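A.B. asks: Take a look at the letters that make up each chain.
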Amino acid sequence: MERAESNNNVAIEMHGVDVSAMSDPSRITVRDVNWTVRTGDYWVVGGLQGSGKSDFLLLTGGLMSPAAGTYTLFGQPMPIFEDRRLPERLRLGLVFEGGQLLNHLTVWENVALPLRYHRNLRRSEVLSEVQAVLDWMGLTTWADSTPGALGRSWQKRVGLARALILRPEVLLIDNPLGGMDVRQARWYLQFLDELSAGHLITGGRPVTLVVTAADLRPWQGHARQIAILRDDRLSVPGDWSRIEAAGREIIGELLPQEEGGGALPTT
Amino acid sequence: MEKGNATTLDAPQVRRVFRAPLPTQLTNFVGRKLLRLLLTVQGLGAFSLITLGVMLSKFRVARQVVWPAALHEIHRSGVRLLPMFLFISAVLGLVVVGQTVSWLNRVGAIPYLGMVMVIVVVRELGPLAAAMLILGRVGTANVVELGTARATGEVEALEALGIDPVHYLVVPRVVGMAVGLFALTVYLIIGALASGYLWAFVQDVPLRPIDYIRQLAGALQWMDFALLGLKTLAFGFIIATITCYHGLAQPLRLEEVSFATVRAVAQSVIACLIVDALFILVYLSV
Numbered sequence: 003m004e005r006a007e008s009n010n011n012v013a014i015e016m017h018g019v020d021v022s023a024m025s026d027p028s029r030i031t032v033r034d035v036n037w038t039v040r041t042g043d044y045w046v047v048g049g050l051q052g053s054g055k056s057d058f059l060l061l062t063g064g065l066m067s068p069a070a071g072t073y074t075l076f077g078q079p080m081p082i083f084e085d086r087r088l089p090e091r092l093r094l095g096l097v098f099e100g101g102q103l104l105n106h107l108t109v110w111e112n113v114a115l116p117l118r119y120h121r122n123l124r125r126s127e128v129l130s131e132v133q134a135v136l137d138w139m140g141l142t143t144w145a146d147s148t149p150g151a152l153g154r155s156w157q158k159r160v161g162l163a164r165a166l167i168l169r170p171e172v173l174l175i176d177n178p179l180g181g182m183d184v185r186q187a188r189w190y191l192q193f194l195d196e197l198s199a200g201h202l203i204t205g206g207r208p209v210t211l212v213v214t215a216a217d218l219r220p221w222q223g224h225a226r227q228i229a230i231l232r233d234d235r236l237s238v239p240g241d242w243s244r245i246e247a248a249g250r251e252i253i254g255e256l257l258p259q260e261e262g263g264g265a266l267p268t269t
Numbered sequence: 074m075e076k077g078n079a080t081t082l083d084a085p086q087v088r089r090v091f092r093a094p095l096p097t098q099l100t101n102f103v104g105r106k107l108l109r110l111l112l113t114v115q116g117l118g119a120f121s122l123i124t125l126g127v128m129l130s131k132f133r134v135a136r137q138v139v140w141p142a143a144l145h146e147i148h149r150s151g152v153r154l155l156p157m158f159l160f161i162s163a164v165l166g167l168v169v170v171g172q173t174v175s176w177l178n179r180v181g182a183i184p185y186l187g188m189v190m191v192i193v194v195v196r197e198l199g200p201l202a203a204a205m206l207i208l209g210r211v212g213t214a215n216v217v218e219l220g221t222a223r224a225t226g227e228v229e230a231l232e233a234l235g236i237d238p239v240h241y242l243v244v245p246r247v248v249g250m251a252v253g254l255f256a257l258t259v260y261l262i263i264g265a266l267a268s269g270y271l272w273a274f275v276q277d278v279p280l281r282p283i284d285y286i287r288q289l290a291g292a293l294q295w296m297d298f299a300l301l302g303l304k305t306l307a308f309g310f311i312i313a314t315i316t317c318y319h320g321l322a323q324p325l326r327l328e329e330v331s332f333a334t335v336r337a338v339a340q341s342v343i344a345c346l347i348v349d350a351l352f353i354l355v356y357l358s359v
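Chains as they are written, first to last, in the numbering used here: chain R, 3 to 269; chain X, 74 to 359.
Simulated from the structure, these hints should not be mistaken for lab results.
None of these values were measured; they are calculated from a predicted model.
Misleading hints may appear alongside valid ones.
Stretch-level coverage of chain R by chain X, calculated; a stretch enters the list once three of its residues show a Cβ under 8 Å from a Cβ in chain X [as the list claims (entries may be wrong)]:
#1 60-69
#2 86-92
#3 104-117
For each residue, glycine too, the CB sits at the ideal point set by N, CA and C.
Using the sequences and the hints given, assemble the complete structure.
C.D. replies: Right under this line is the structure:
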């Protein structure tokens, strides 16, 4: 009974998972991942460029199959490609590093698309819902612009809005602070804190978050759980209090002390 | 063997050449090309079947999104090209139909005019010219748009949102191009036949409009209408499928989009000509 209750809290569970590169499926980028994400967790997965963060997140997002091992989302084997199991799949949202918006659509249309597609709704039927999300995320000004007219930070924000319109229970965000200025990064961190605590945008329900980062400093005081991708392995030091115990050689490059802790990234 | 009786093929040097194995590089080259052709045919066939399957199985899924997208594609592949097609039909009538009418008049074969027009314009030139024009104007754009979307990760974004890229990106294009090509072919044929008569009229060919129309009506059979519809729909489906396949079905980097466009155009032309040849067989057998 206890076991069943604890399993109910598990959102993501991986056992012995090997992650292959999206661009070259024959190349393994991360090996033997054993990882559990519980509902309500707020994970930051740190790793330098080329460590396989994006591939790891794409696999977690269900865009490719594990090369080895098992991966379940709320107890359901992933990836899910069958239409009849789509509702299970949509419990998870994925935000790409560059937003990956559809360039032929406006910001409003990009955000509305998943809602209209999955619920088969006219534009007029999603007006208020989309407008509310745009308002919450400060995107109303850009509603009629195409992605090409937006800066990279704003594109990322639109990508986040598009993922949130479906109210996912688990949200994966690839390198959200990469290339952001300080003001945008602060907004993003604060917004993710609110999502993790429960935001009106998701009906007040806390969202389980997994973000990747090349620099862990901005996430101190925000993310509660840490995992590190290094040398093809995912190590899970746990929370911030255990970081020092994990050894500087593991996280030193991701948490450089000489530049001052807590500084927001500029790259 | 006397020198005078020996044929060229019997010459020792020539025999050596004929019996020598083909250079390895040449056989490798041919083999690679053949293998690539087979893989392309397999890929295109699979993609066509997937597209048809998605079109049928998701006919009622996300209608409020996909059907307006199909209408947009019909506008793009049809309505927006109408001025260009009207101009081309006038020129086509001028250079082909006008000359044909004029020459038939010189050799006293005006009674065969209707049949010649139906064979040349309705059965062959109209559908093929329309297909090539749409390939150039819309098909190439398909490869570039979808190839860029693939290269920049838009397709993965759709998959992450649970949206079937074939349903959202390919099906509207296939429907739009098939319907648009059919409609434009009809306009092209009517325009070419009309402008051709005007050109002949200017040259004082003794043929009243009513006689011209009667000849055309007499030469046209029910089969021409049916096969014209089938042929243009087939051309539209083929061009849309091949261009979408090259843009979407394989991982692309941005620098590869132009090569994919060239491949798509060449394969579309070849596929349309093969289908056209098959339709000729149908015409001849009926």
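A.B. asks: Hint by hint, say whether it matches the structure.
C.D. replies: Evaluated hints:
For a cut-off of 8 Å, the count of residues in the segment 60-69 of chain R with a CB near a CB of chain X stands at 4, and the three-residue condition holds. Coverage of the segment 86-92 of chain R by chain X holds in this model, with 3 residues showing a Cβ closer than 8 Å to a Cβ of that chain against a need of three. Here's how the segment 104-117 of chain R fares: 5 of its residues keep a CB closer than 8 Å to some CB of chain X, so the rule of at least three is met and the hint holds.
The structure meets every hint from the earlier list without exception.
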